[in-house]
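**Student:** Sequence:
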Amino acid sequence: MATDQYLLGIDYGTESCRVAIFDLRGTPIYFAATPYQTTHPRAGWAEQSPKEWWEALQASCRKALTGSGIAPAQIAGISYDATTMTVVAMNAKGEELRPAIMWMDVRATKQAAKAETSDSWARLYNGDGTAPATAEWYPFKAAWLRENEPETYNNAVHLVDAPDWLTYKLTGEWTTNINSAALRMYYNRDKGGWPVDFYEHIGCGDVFDKIPENVVDLGKPVGGLSTVAAQLLGLLPGIPVAQGPADAWAGQIGLGVVKPGKMALITGSSHVFTGQTDKPIHGKGFFGAYTDGVAPGQYTVEGGQVSTGSVMKWFKDNFARDVVSAADSLGLHVYDIMNDRSKDIPIGCDGLIINEYFQGNRTPYTDSKARGMIWGLSLHHGPAHVYKAIQEGICYGNAHNLKAMEDAGMQVNEVVACGGMTKSHDLMQMHADVMNKPVTLTEVGDAVALGSAMLAAMGAGIYSSLEEAADNMVHDLETIEPDQARHEEYSYYRDKYMAAWPQMRDLTHDLVDHEAAK
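First residue of the sequence shown: 14, per the working numbering; consecutive thereafter.
Keep in mind the hints are simulated off the structure, nothing from the lab.
Since we're looking at a predicted model, the values are computed, not measured.
Be a bit skeptical, because a hint or two may be false.
Claimed, not checked - Here are the in silico distance ranges between beta carbons for each label pair:
1) Trp388 to Thr79: 49 to 59 Å
2) Trp388 to Asn426: 32 to 42 Å
3) Pro359 to Phe332: 18 to 28 Å
C-beta: ideal position from N, C-alpha, C; glycine also.
Model the full structure from these sequences, guided by the hints.
**Tutor:** Below you can see the structure in the form of structure tokens.
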């Protein structure tokens with residue numbers, strides 16, 4: 014194996030395009046990022062310019078090559094990830110017809126509601142078939158375009174998810190990545206492929222003329238870097254380009270969660286909780302199991318929390334300005350100070366519980382009208398109690414998602430975590446204690462970019478499978494074992510947390526509807 018070879022991973026996030034260069038061991042060499050803008054033409058809408066995406070990639074790629082000092086000839090392979098449910102309409106010339114409709118865009122609420130009256134097998138992907146569909150997913154945005162922008166829809170020769178737009182820009186090839194197809198477009202090889210009846214039911218049964226027919230597994234080579242793309246990016250034409258996924262599942266791969274037994278926990282403003290199983294399980298409270306969505310012959314299950322780190326930030330910005338000022342003057346991190354102030358508060362925060370549904374609930378309830386709750390307050394409680402109760406609520410919510418999966422037969426022996434919260438050992442210990450599962454941290458905190466580099470290594474023929482890439486490129490840094498005594502103490506409060514929302518659901522829905530009607 015050549016030692017002077019490197020891998021290039023492209024990560025299209027919501028805020029910026031990042032290019033990362035790794036060696037074959039998975040050691041990060043250089044990162045470069047270029048931001049772009051999100052526009053919100055109407056309430057609930059979110060759009061971005063693919064032209065800005067492409068310009069950002071060119072800038073980031075050239076920065077990474079220059080900053081690393083690595084020659085283009087040393088790049089052995091390329092892969093990528095991008096936000097999913099981000100729909101791009103393209104004409105016959107490969108030109109974008111309108112701004113991309115972003116993952117967070119919920120304009121297709123009416124179209125998504127039609128899914129609830131479908132009897133298609135596709136409904137199993139939303140829990141056990143009874144959970145409401147989310148307006149974020151691809152079919153509903155396609156149906157919205159057909160109904161509301163028929164000229165754009167009719168002129169769109171290709172209507173693709175963002176990773177598949179990038180495949181075309183890099184190689185000139187039109188493919189549909191299995192990750193987007195299985196996880197967000199209701200494609201299921203076990204059931205014969207596309208649920209045509211489901212798409213017809215929601216109003217876009219003709220969209221299959223616009224979806225690339227070639228559904229490609231992750232890490233498979235889709236072509237060589239085109240001459241045009243190579244010139245613009247400062248690379249050499251012909252470098253193998255491997256099929257990439259959605260960003261969260263690049264993170265799962267970058268954490269080495271590529272076979273059953275482990276779960277990936279990707280922390281940040283929200284939590285994504287995802288992993289593999291060897292059988293197609295379905296049940297209340299989680300999404301999936303998705304056929305072949307990450308690895309062929311396996312199934313992917315998914316849960317998540319809409320608001321986790323964002324609730325901690327809400328508290329910091331609105332109720333801890335004194336701490337922010339103190340952190341600035343002392344040169345410390347504000348969360349380190351808040352963690353120190355709350356460290357001696359006992360488990361359960363002296364009877365204070367917070368449900369973190371500030372922006373709704375993704376799973377286990379899939380309820381956009383859910384809202385946060387703070388209950389058990391007394392005059393004894395102070396700001397440090399509230400801050401720690403937010404952290405505990407985040408952990409209870411994650412444990413609730415784990416319980417839904419395990420109740421359906423998921424086997425979880427270990428959780429592998431990445432993202433901002435992993436910087437706090439105490440918070441990761443709390444996750445371990447509440448779930449009663451060991452939490453492993455890996456050497457490379459930026460698991461998303463690493464996951465794309467691992468797929469690049471597969472496409473270049475350096476590693477033959479995701480498991481081999483993980484064995485060579487993902488390295489454990491630390492495993493945090495759960496404390497059984499603390500787990501038992503947390504369990505009482507976790508159970509109260511889980512019991513609270515069903516009792517408050519109707520009241521909260523009434524309140525949300527009342528405010529929306531003003």
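**Student:** Does each hint fit the structure? Answer for all of them.
**Tutor:** How the hints compare with the structure:
The beta-carbon spacing between Trp388 and Thr79, approximately 54 Å, falls within the hinted interval of 49 to 59 Å. Take Trp388 and Asn426: their Cβ atoms lie about 34 Å apart, and the range 32 to 42 Å holds. Checked against the hint of 18 to 28 Å, the pair Pro359 and Phe332 passes, with Cβ atoms roughly 21 Å apart.
In summary, the structure agrees with every hint in the numbered list given earlier.
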